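*Asks:* Chain by chain, the residues run as shown.
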Amino acid sequence: MNVAGECSSPNDPRYSQPYSVFVFNAGGCGGCEFEVLSLFLHSQQSEGFRCKFVSQPESADLILLFGSLKREAYQVLKAFLLRFNPTCQRLAVGACAIAGTLFKSAGWIAAPCAGTAQGLPHAFDSSWQNPIQEFSPNLYVAGCPPTPEDIWQGLHRLACCSGRLSAEAARGVETNRIEFHSELCLGCGLCQQICPAQAIRLSIAQELAVGEAGSILVEFNQAACLFCSLCEQLCPTGCLKLRGSGTLIRQRPQEFVVRGCLSLVRCLNCQGWMVAMPKDFIKQTLGSLPDQRWLELCPTCRKIASARYLKTAAEGLQHLHQLIQERGC
Amino acid sequence: MSPTSRLPLDPYLPAIGSPLTIEYDLQHGRVSQVRVSLGYAQRGIEHLAKKQNIWQNLILLQRICGICPISHTLCFCQTLESLAKVQIPRRAAYLRTLVAEIERIQSHLLPLICLAAHLNASSSCLRLLFEAREAAAAMLCLLTGKRVNYDVNQIGGVRVDLKKAEVAQTMLSMLGSFDRPLDEARGSLLRHERLKGLGFLSSQAAESSLATGPVARASGLARDLRKEGGGYAAYPELKFQIPTSSRGDVLARYEIRILEIIESIRMIRQILSSLPQGKLSVDPPPLLLPGQAAGSVEAPRGENHYQLTLSAHLQIEQIKITTPTEYNLEALKMMLMDAQPEDVPLIVASADPCYACLER
Ligand code: SF4
Ligand code: SF4
Ligand code: SF4
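Sequence lines, in order, name chains Y and H.
Note that the first sequence covers residues 210 to 538 in the numbering used here.
Note that the second sequence covers residues 224 to 583 in the numbering used here.
Some clues are possibly wrong.
Straight-line C-alpha distance at most 25 Å; calculated DSS-like pairs for lysine-lysine [as the list claims (entries may be wrong)]:
1) H/274 to H/450
2) Y/492 to Y/450
3) H/386 to Y/450
4) H/387 to Y/450
5) H/273 to H/543
6) H/450 to H/462
Pulled a few chain Y residues facing chain H out of the computed Cβ check, cut under 7 Å [unchecked claim]:
7) 238
8) 239
9) 240
10) 243
11) 249
12) 250
13) 257
14) 281
15) 284
16) 288
17) 312
18) 353
19) 437
No wet-lab data here; the hints were simulated from the structure.
Quantities reported herein were computed from a predicted structural model and do not represent experimental measurements.
A virtual CB, placed ideally from N, CA and C, is assigned to each residue, including glycine.
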């Protein structure tokens, strides 16, 4: 097991006893339960570090929470929290527990362990209030469900380092699952529209003063992402990739966000803001770049210009046929 | 002391329990009344489904249950496909069936693991069963790229493909890894005298309580939607049997599950050796039509039934989902009647209730 930090030696005395894990199943779809159960096998196969499930909160070294926490379940969790040892570590597992994702908009999900109060990026939806402050996890493992390897590694980290991993060591194993190539993005917002988990947000990065260059911020919240690949399928330019490699373990939920910035330019004609055309993508699709001025017009002005340029509908059609014949498609 | 005492099974059962509360009254040391209280894990899936579009619904409905995700999307897709009157390509039907059958294996192994844990089986037995489940998950991962919540279905076909012959070969060789765990389960777990005659459910009781899935089949009802009414997906073209038993006890329910796993393995072999060529999805994409439709599939735990109305804007206007655990709840209560309190967990586990699909 490759775990960052100073604690990967299997002869560590802390390995001598199995780590006691209390699992709090708050509901959800059962997918996380499925993967947490696999920890049993990981523990059996492991040479050094082992864990065991306990049913008494008093004897637990770690509390593992997953699932969509409904208010009723939250009452039970609160009662349990009083019984834990104060030094007990807290691990939040799964998109439901960290960000609410799909189910949060039902309203009755008391929701996740990290609140809007902490300036959470997943709370793109500002109307969504989070009542839970008590359960503040030491570590987050995202995914829907997270892979057992990730959960195992998260456990291991908390067990060995009590969560006090140096920032560098923690970052050493963190890689993003979502790859975003901002140079290809059109800023069309299709991905934001389709995402069932509201894990994508396109926003104007700052207030624009006259004469200032603006930008659009594209944010992907991997904590809320279900890895359903709808966005990847729909994205017209293929600038999104869900590679499925890398770990999704973070110490703060904010670190799950992948960001990209699209620069805005002024339209040559109307001076309105528009996303700069991704030249690489256009070159790829058309084979060559059209006239530079063409790229500097906003979509509306481009339509007007092309209508003027082609004069009549018949001429336009002819032009189209010509193009099709040239490219043989 | 009063003759009746009330005992709850905590919503948070020891170790990894499900948030499902079962309360029972005891009279003269026997269970006299059972109540199942719901609401701990309810997420409001039906409510959410109306807010989302069809594509997002595929992702949402799949997350009703992480143990049998494909049965939900399959049911949803088939319902909409029947409304749009499209016929999916044969290859897509085969791939759907393939995933559904691997899922069935994986789902049926879960109650066996619960049984092994409850009977304090040797850790080697438990480990074998866990490894079998891992093998099923690994097969799903090979095929779909995910172990759980694999997004396989889309309306009009599937989103995954089995392109490489090596993958099929690997999967075929992995099928062999289920033999030993199943032998072990039969040889050691199901030998326990305790399981015989426990939690009896007569076939009349199964019939009247609308029991479904392995619970109904263990009570002698040969009910299986994969055969009934001509079947669906690729089932009409596959050779398989519906195992039934007339004993109706805990043991019979586990035996039925093991036999079903064996049947599923047979089906997977057939599919992998004769996967038809062709498209993965209807082309062009199907034109959805508004209207009302219903559909059901045989999920690992039993019948999964969807009834929905699609509005003119192709939003879901109304949706009613009935899941196997919901059907089996009455049967579970009947089984528990007159049981001794120490047997209650065993009987409950044999019915394999799933909190996720019960409390959507
Ligand atoms: S995070 Fe995903 S897999 Fe886990 S309980 Fe929630 S919906 Fe299920
Ligand atoms: S894969 Fe894309 S569409 Fe799906 S939840 Fe993640 S960000 Fe949203
Ligand atoms: S990532 Fe793709 S879908 Fe999303 S805004 Fe950019 S181009 Fe559009």
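*Asks:* Please go over all the hints and tell whether each is borne out by the structure.
*Replies:* Against the structure, the hints come out as follows:
1. H/274 to H/450: Outside the cut-off at roughly 35 Å; violated.
2. Y/492 to Y/450: holds, 20 Å
3. H/386 to Y/450: holds, 20 Å
4. H/387 to Y/450: holds, 22 Å
5. H/273 to H/543: Within the cut-off at roughly 11 Å; holds.
6. H/450 to H/462: holds, 10 Å
7. 238: Status holds, d = 4 Å.
8. 239: Status holds, d = 4 Å.
9. 240: holds, 3 Å
10. 243: The hint holds - residue 243 of chain Y has a Cβ within 7 Å of chain H, the shortest such distance being about 5 Å.
11. 249: holds, 6 Å
12. 250: holds, 5 Å
13. 257: Violated, because the Cβ-Cβ distance from residue 257 of chain Y to chain H comes to roughly 18 Å (cut-off 7 Å).
14. 281: holds, 5 Å
15. 284: Constraint on residue 284 of chain Y not satisfied, violated at 10 Å.
16. 288: This hint is violated: residue 288 of chain Y lies away from chain H, its Cβ roughly 10 Å from the closest one there, beyond 7 Å.
17. 312: Because about 5 Å separates residue 312 of chain Y from the closest Cβ in chain H, which is inside the 7 Å limit, the hint holds.
18. 353: holds, 6 Å
19. 437: For residue 437 of chain Y, the interface hint holds, since the closest Cβ of chain H sits about 5 Å away, which is under 7 Å.
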